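Trainee: Just so we're aligned, residue 21 is where the sequence shown starts under the numbering used here, counting upward by one.
By construction, these hints were calculated from the structure, which means they are not laboratory data.
Since this is a predicted model, take the numbers as computed values, not measurements.
All C-beta atoms in this analysis are idealised placements derived from N, C-alpha and C, irrespective of residue type, glycine included.
There are no misleading hints in this set.
Here are the in silico distance ranges between beta carbons for each label pair:
{"#": "1", "residue 1": "VAL45", "residue 2": "GLU148", "range": "14 to 22 Å"}
{"#": "2", "residue 1": "ASP174", "residue 2": "ASP66", "range": "28 to 36 Å"}
{"#": "3", "residue 1": "SER30", "residue 2": "GLY139", "range": "31 to 39 Å"}
{"#": "4", "residue 1": "ASP158", "residue 2": "PRO69", "range": "32 to 40 Å"}
{"#": "5", "residue 1": "ALA47", "residue 2": "VAL75", "range": "17 to 25 Å"}
{"#": "6", "residue 1": "ASP178", "residue 2": "ARG41", "range": "29 to 37 Å"}
{"#": "7", "residue 1": "ASP43", "residue 2": "GLU146", "range": "16 to 24 Å"}
{"#": "8", "residue 1": "ASP71", "residue 2": "ARG24", "range": "37 to 45 Å"}
{"#": "9", "residue 1": "PRO101", "residue 2": "GLY153", "range": "37 to 45 Å"}
{"#": "10", "residue 1": "ARG35", "residue 2": "THR157", "range": "20 to 28 Å"}
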Amino acid sequence: MDVRPLLVGSEVIVRRAKPARGDLVYAMIVESDDGDHIVVAGPYSDSTPGDLGYVRFDPADHFVEHFWRSRWYTIADVRDPVRGRKGWYCDVTRPAEVAPGSIVSTDLDLDLWVPAGAGPALVLDEDEFEASGLPSTDPSAAAQARRALDELRDAAQDGFMTLLP
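Sequences are here, hints too, so could you generate the full structure?
Mentor: Here it is in structure tokens:
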């Protein structure tokens with residue numbers, strides 16, 4: 021594992037590895053890296069809106085994404101064009117793989133959406149997680165994924181103040 025911090029202000033290519041659906045690749049700017057927790061920021065990664073039913077991501081939205089080399093999740097703080105918070109999109113993932121200029125985050129098909137303001141947190145894609153086969157092919161990783169989801173749900177109670185600076 022490469023623990024050399026990424027250079028603040030530099031561009032980094034983020035690859036969200038999604039084995040069942042193809043990877044999502046986009047550029048962000050490094051805001052901080054303490055050797056474990058990496059913060060990157062930039063616009064929504066698609067040029068067309070993404071309406072998920074419970075939230076709509078627009079090309080002018082701003083994302084601040086948090087990756088860890090040691091934790092089994094990522095957290096994206098999603099903001100509208102004037103930086104009003106829409107909510108947090110959390111992916112259960114393997115710990116981030118980091119190299120100079122790149123972050124690879126392997127998605128484990130289990131997500132959590134936490135809306136800003138009122139509304140319950142939504143656990144997403146549990147069916148995809150089960151269908152991925154991970155619970156039967158790698159029970160240890162599946163258990164880590166479930167623990168990560170529980171940690172995210174707990175942290176959502178205080179707006180992720182315990183996890184995010």
